Structure formats: C-alpha cells, structure tokens
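Let the sequences and hints guide you as you build the complete structure.
These protein sequence lines map, in sequence, to chains Y and G.
Counting from 1, one number per residue, gives the positions in the first sequence under our numbering.
Counting from 1, one number per residue, gives the positions in the second sequence under our numbering.
It is worth saying that the hints were derived from the structure and are not from the lab.
Please note that the accuracy of each hint is not assured.
[Said to hold, decoys possible] Derived EDC-like pairs (lysine to aspartate or glutamate); straight-line CA-CA distance at most 20 Å:
#: 1; chain 1: Y; residue 1: Lys239; chain 2: Y; residue 2: Asp337
#: 2; chain 1: G; residue 1: Lys166; chain 2: Y; residue 2: Glu288
#: 3; chain 1: Y; residue 1: Lys176; chain 2: G; residue 2: Glu179
#: 4; chain 1: G; residue 1: Lys166; chain 2: Y; residue 2: Asp287
#: 5; chain 1: Y; residue 1: Lys36; chain 2: Y; residue 2: Glu61
#: 6; chain 1: Y; residue 1: Lys239; chain 2: G; residue 2: Glu179
#: 7; chain 1: Y; residue 1: Lys63; chain 2: Y; residue 2: Glu91
#: 8; chain 1: Y; residue 1: Lys36; chain 2: Y; residue 2: Glu19
#: 9; chain 1: G; residue 1: Lys166; chain 2: Y; residue 2: Glu370
#: 10; chain 1: Y; residue 1: Lys63; chain 2: Y; residue 2: Glu27
#: 11; chain 1: G; residue 1: Lys166; chain 2: Y; residue 2: Asp298
#: 12; chain 1: G; residue 1: Lys166; chain 2: Y; residue 2: Glu171
#: 13; chain 1: G; residue 1: Lys130; chain 2: G; residue 2: Glu64
#: 14; chain 1: G; residue 1: Lys166; chain 2: Y; residue 2: Glu232
#: 15; chain 1: Y; residue 1: Lys359; chain 2: Y; residue 2: Glu370
#: 16; chain 1: Y; residue 1: Lys192; chain 2: Y; residue 2: Asp296
#: 17; chain 1: Y; residue 1: Lys260; chain 2: Y; residue 2: Glu288
#: 18; chain 1: Y; residue 1: Lys36; chain 2: Y; residue 2: Glu129
#: 19; chain 1: Y; residue 1: Lys147; chain 2: G; residue 2: Asp3
#: 20; chain 1: Y; residue 1: Lys260; chain 2: Y; residue 2: Asp285
#: 21; chain 1: Y; residue 1: Lys260; chain 2: Y; residue 2: Glu232
#: 22; chain 1: Y; residue 1: Lys147; chain 2: Y; residue 2: Asp120
#: 23; chain 1: Y; residue 1: Lys260; chain 2: Y; residue 2: Asp231
#: 24; chain 1: Y; residue 1: Lys192; chain 2: Y; residue 2: Glu171
Nothing here was measured: the structure is a model prediction, and the numbers come from that model.
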Amino acid sequence: MSLVVLGLSHHTAPVEVRERVAFTPDEALATLRRLKSEQAVGQALLLSTCNRTEIYALAHEPKAGVERLRDAVFGGRLDTANGLIYAHVGELAVRHLYRVACGLDSMVLGEHEILGQVKDAYDIAVKAESLGSVLHRLVHSAVHAGKRARRDTEIGAGAVSVASTAVELAEKVFGKLTTRPALLVGAGENGKLCAQHLLGHGVEPLFIANRTLARAEALASELGGEVVAFDELGAAMAKVDIVVTTTGAPEPILGADAVKLAMRDRQGRELVLIDIAVPRDVAPDVDELYNVFRFDIDALHGIVAQNLSRRQAEVPRVEELVQGEVTSFMRWWASLDAGPVIRDLHARFESIRAAEIAKHGKRFTGDNREQAEVFSRALVQRLLTGVTQEIKGYRLDNPAHRERLAVLRHVFGLDAPVAQDASDHDDT
Amino acid sequence: MVDSAALTQLFLVATPVLYFLAVGVHILVFASDVPWARRLVRPLLVSAVVVNGAYLVAFTAVFEHIPLVTPPQVVGAVGFALAAVYLWIESRTHTTASGPFVLTLVLVCQVLNTAQPRLDHYVPDLLRSKLFSVHVSAAVLGYSAFALAAVYGLLYLLLYHRMRDKSFGLVFRRLPPLETLDRMNYYATSVGFALLSVAVAVGGVWSVVAFDSVRFDVKIVTALVTWALYGLAIFGRRFHGWRGTRLAYSSLVGFAVVLFSMFAVNYFLTSFHLFT
Chain Y
1 MSLVVLGLSH HTAPVEVRER VAFTPDEALA TLRRLKSEQA VGQALLLSTC NRTEIYALAH
61 EPKAGVERLR DAVFGGRLDT ANGLIYAHVG ELAVRHLYRV ACGLDSMVLG EHEILGQVKD
121 AYDIAVKAES LGSVLHRLVH SAVHAGKRAR RDTEIGAGAV SVASTAVELA EKVFGKLTTR
181 PALLVGAGEN GKLCAQHLLG HGVEPLFIAN RTLARAEALA SELGGEVVAF DELGAAMAKV
241 DIVVTTTGAP EPILGADAVK LAMRDRQGRE LVLIDIAVPR DVAPDVDELY NVFRFDIDAL
301 HGIVAQNLSR RQAEVPRVEE LVQGEVTSFM RWWASLDAGP VIRDLHARFE SIRAAEIAKH
361 GKRFTGDNRE QAEVFSRALV QRLLTGVTQE IKGYRLDNPA HRERLAVLRH VFGLDAPVAQ
421 DASDHDDT
Chain G
1 MVDSAALTQL FLVATPVLYF LAVGVHILVF ASDVPWARRL VRPLLVSAVV VNGAYLVAFT
61 AVFEHIPLVT PPQVVGAVGF ALAAVYLWIE SRTHTTASGP FVLTLVLVCQ VLNTAQPRLD
121 HYVPDLLRSK LFSVHVSAAV LGYSAFALAA VYGLLYLLLY HRMRDKSFGL VFRRLPPLET
181 LDRMNYYATS VGFALLSVAV AVGGVWSVVA FDSVRFDVKI VTALVTWALY GLAIFGRRFH
241 GWRGTRLAYS SLVGFAVVLF SMFAVNYFLT SFHLFT
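Here's what the structure looks like:
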C-alpha cells in the first residue's frame, strides 16, 4: 500500500479552476462514500478549501490509484489532462500533508485557518468511515506538527493583512479587546473587513458613521452595530477606544482640534485611530496629542511586510520540524508493514499445525494427545522465532526489506484467507 | 564534613554568576527567541533563586542573624525578593519579555552584595528588636515592589514611544500591551506603597521605643519623600486619571529617590540610619 495525494492548489490553478473543484462538506462526504463503496482505493481523505482541493488515499498500485482518483474526484468537473493536477506518492505525499498543515504551502505563509480546515476534512472522512489507522495517524500527527510549528517557531506570528494588523495594533495598546467600544467611519469594503475583525475579537459596541446615512444603516444592520450621525464624530470619539476611518474624503475629516476635544472628554484615556483611507482621513498633527495613537495605511502595510519577512525567515526551521515528523511517521508505518506479515505467518503455521494434529488425531490417545499439542506448538514457535526476529525491524522505505516481505507473503501463501484478520490497518 | 561558612561563601559567589547566566538567556530569547535559550530560561532562573535563597538560609544559620545589617546586604535582599516575585510572575504569565530588564536589576543588586560581603556574627544591639525585623522586612519588600514598578514603567515608556514613532521592531513584538504594563505598574506601586507605609510606621514606633523619640536623618527624610511621591502617584491615578506615561514617569522618579536613599545616602552614613 502506498499513500498518494492528488490535487490542485493556488500554486497550479487560477481561482476560476479552483472554484470548479471546490467540494462542499456534503459533496466531500458523498465522494468519500462513493470511493469506499467502489473500493477504488483504501483509506481516503478529501481536503477542500478555497485555495486547494486534494485527495489523500492509500492505493495498492500508486500509478493505477492516481489514475482512478483523477477520474473519480476531478473527472466531470474539469479536464483532468490540463496539467493543473499534481500527484505525490509515498513519503512525498506524507511530507506534502505535513507542509500543508504547517502552513508552508499556503497562499499566506503560516496562516492558521488551514489547521482547522484539515480537522474539518478529517471529521468528514470519519463520518464517511473512509479512514483507517494509517490516515488517522497521519492526520493527527500532521495537525500536531502544525500546532508545534506555530508554537515553537514564528511561522504564524504577527498579522499579515491590513484588517488583522488593525486588531494587532489595538491589542498592543489595550490587551484584550473584549467589550472595548469602536467607531467605524465610512462604509466601504476595507472598513467593513476591519470592523468584522474587531468584532471577531470581542469589540462591543460598534458604532458606524457615514456621510450617506442609508449606507451606514445597512452596514450596521449587517454587522450588528449602531449608527451615529456623521456630524457627531467628536462626541462618538469620546465614547470609543478604537476608531477606524475609511472614507473617500479628499481632505482629512479628523484634525488635532477635534481629537483634542474628544480627549478632554475622555480624561486622557488612550485612543487608537486606524486610518486606512487614501487620501488620509486623520491629519498627521494628531500625533502631537497625548495618549493618541494614529496609524495610517503605510504604517499598517509596513507591519504586514515586516511580519511576512519574519515568517519567511522561519521556513527552514519549520522544514526541519516537518522532516523530523515525516521520518517518525514513516518509521511507524514501516513497523506496521512487518507486523501483519509476522501475524499472518504465525496464523498460517498455527492453522497447519492444528490441521495436522486433527488429521492424525486418531493416533493419539489421552496424555499422548496433550503432549502432541504442547510439542507441536513449541515446535512452531521455535521454527518461527528466527524469522520473526529477522523481519521485525524491516521498514517500508527500504526497498530490500519491502521485497523480502513480499517474498515471504508469496512463499507462505499469506494472502490466502487465513490472513484476513491482519489487514485491518490497511483498508477500510 | 562540609564547612558551613565556606558553603555560605560559595552560595554568595554562585548567586550573581547564576543571575548573570539567567540574564543572558533572557536577553537571547528577547532578541531572537533562540530555542535552546528558551529551554534554559526557567531552569537557570529557578537555580539562581534557589541558590540565592540557600545563601540567605545558610548565612542566617551560620552567623545567627538575617543578612540585613549592612546596606549591601539589604540591597541583596531586595534583589532576592525582586527575583522571587519575577519568577512567580513569569510562571503565571508564561512570558519572559520583562525578564532582561527585571533580572538585570537583580544582577546589579547581587553584584553589589557580593562585592561588599560581611560574613560575621556582628549585629548592633539596637537592631535585635522584633519591631526592627518587621520594619526592615517591610522596607525590603516595599523597595522590591518599587523596583518592579520602575521596570514596568520603563517598559511602558519604551513601548509607548515606539508605537507613537510607528517603529514596530523587537520592543513592539515582544513587550506585553501598554494596558498590561500600566496595570502591573499600578499594582506594584500600590503594594510597595502599602509596605513602605508599614515600614515607616513601624520604624517610627521602634525609634520611640529605642530612643524615646523619632530621630530624623537623611535616610528617614528621603524615605518620607519617597512615601509622599508614591502616595501622590496613587492618589492621582485613583482620582485624576493619571495613567500611562504619567504613572510610568512617577514610578521612575520614585525609584530614583529610592536608589538615592539606598546608595547616595551611604556617602553620608555608615549604616542605613544614624543611630548615634
């Protein structure tokens, strides 16, 4: 059995192709059930996010498995011969999942969402009963590696989007944002995104002001905020701790005088002004005011660039971590390969022994029969001890070991019915 | 048989060495988050605090009094209390960001103590009173709290100015939020103020018991100035919203006066107080 992964991602396919092969949870569940019922492959896992769709499966013959999966998963959705689909087999496939879980293969290096998406894919596969011990173990250890990468390195450190940087800056001043009031000035897409991030971090209540009242009301109803009149920004600033401005005004809408008045009403409490508008909404002279933190779009982009380069610098450390995890997984998997052969071998010899005793049963009576049982069992054990010791350490990644295990199976007929109890780890 | 006095001496010398190593790994973790240094942070700090504590216990057992007689000994005790409190905070918060700053102060305290040791049985009769023990213990703990407040104040100012200058380097990445630093500063200042109040009150009572009157010296005057400064900072915070940079500067000025009363005054006095 080999692990194969077949898929496409933002590295190989544009969004108009990716959206055609994106699976909803229900579609993923149905696909996995179909693969299982058709016995197309052994265990299978389908990972589908906005940036990738990948099928991981165990196949007896990797080449045939890849072809079967190509048709079964991607056929009908796109032309599978377009060269956008990649495939990895064996250790490369294992490494691929670890790299995906660690965020090394993501569009935004080190992003966190992929870990949750791998877990979701796992849950769907569990529901479809398409996993066996190998993929169970693989997904668990990949998620574990992803967590380790983010804990032990800075691959996921710092904000890498304008909206999350706004949250990071506010948190650097206030700590947790839970129940901190905020004001969004402007009803554009960027502002909305920022507001959503702030709400996601517990900001409450959210006030929204816009020159066109109807747009403010629509956004307030969508996000669950409260509308304030545009000409009452000063009074609103006195009530909130965070202000996000994103209007299309040609001149600053907040100057030092207005902010100074608000600060007086705030009794000097810290105020964070996130200005993501161009031209800027907040005049730079606001910087002179005590306890006022003004950040414009350049400052936010500067942080994003800095964080991305920090993440990039962590890649070698994460690759090293992935290598360790891959080695450890492959060793575990290889130990499974010798295990079933050993079990099958013992089962085969035991069945022969029992058959021979039964066949010659009439020759034994009373104590003799008991002694024959004891003797024959001891003989079988003795005969198998050397072989068992020899193959116990055989590993899948060693071609010679793999070949010898195959010979043993063939010579002793271990693929015959007697071996059926030993195959549970490979096929589901 | 182990020579107890030699063992005490060994602990005395090992203490600053271990703190030096602890400061080193904390700086490495702060600057570049080196994994091997991160693994050493806790064991080294725990070792330093344990050996420091062992020195105090050994000294007390061998010389039959707590090492709080000479100014360097008091400074060493302040350093120990500061390190122990910092270790507790580090264990609770799982963040080592303020370690380089707090532990550097601890290291300075321990170097001063080790450089001027007095390993003997001598204790002035005046200092054998129980009231005096309470006075010194409260003062040592209070000064430790003020030292901690000053460090948090310094960190607050560092981060505040970095953010205002839009400079998002190491200080921005590693330090806790301004709000947290401000809160820690306020807690430390409040605890220090309460302890200094106890030290001043008990010291006054002890002075009356020992001399029938309160004897004012430079030390007592600076202690009262310190007490008034911190009291003003707490009052301002509670009733006039003095927070952030104002509290941070108050902590630094207050601690500067504490340092003056601990070190500079010793140019005028041979002990912590003028007893004759």
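A quick look at each hint next to the structure:
| no. | hint | verdict |
| --- | --- | --- |
| 1 | Y:Lys239 - Y:Asp337 | violated (66 Å) |
| 2 | G:Lys166 - Y:Glu288 | holds (13 Å) |
| 3 | Y:Lys176 - G:Glu179 | holds (9 Å) |
| 4 | G:Lys166 - Y:Asp287 | holds (10 Å) |
| 5 | Y:Lys36 - Y:Glu61 | holds (16 Å) |
| 6 | Y:Lys239 - G:Glu179 | holds (18 Å) |
| 7 | Y:Lys63 - Y:Glu91 | holds (15 Å) |
| 8 | Y:Lys36 - Y:Glu19 | violated (25 Å) |
| 9 | G:Lys166 - Y:Glu370 | violated (88 Å) |
| 10 | Y:Lys63 - Y:Glu27 | violated (25 Å) |
| 11 | G:Lys166 - Y:Asp298 | holds (10 Å) |
| 12 | G:Lys166 - Y:Glu171 | holds (15 Å) |
| 13 | G:Lys130 - G:Glu64 | holds (15 Å) |
| 14 | G:Lys166 - Y:Glu232 | violated (29 Å) |
| 15 | Y:Lys359 - Y:Glu370 | holds (15 Å) |
| 16 | Y:Lys192 - Y:Asp296 | holds (17 Å) |
| 17 | Y:Lys260 - Y:Glu288 | holds (10 Å) |
| 18 | Y:Lys36 - Y:Glu129 | holds (8 Å) |
| 19 | Y:Lys147 - G:Asp3 | violated (51 Å) |
| 20 | Y:Lys260 - Y:Asp285 | holds (11 Å) |
| 21 | Y:Lys260 - Y:Glu232 | holds (15 Å) |
| 22 | Y:Lys147 - Y:Asp120 | holds (15 Å) |
| 23 | Y:Lys260 - Y:Asp231 | holds (16 Å) |
| 24 | Y:Lys192 - Y:Glu171 | holds (19 Å) |
Hint violations for this structure: numbers 1, 8, 9, 10, 14, 19, all remaining hints satisfied.
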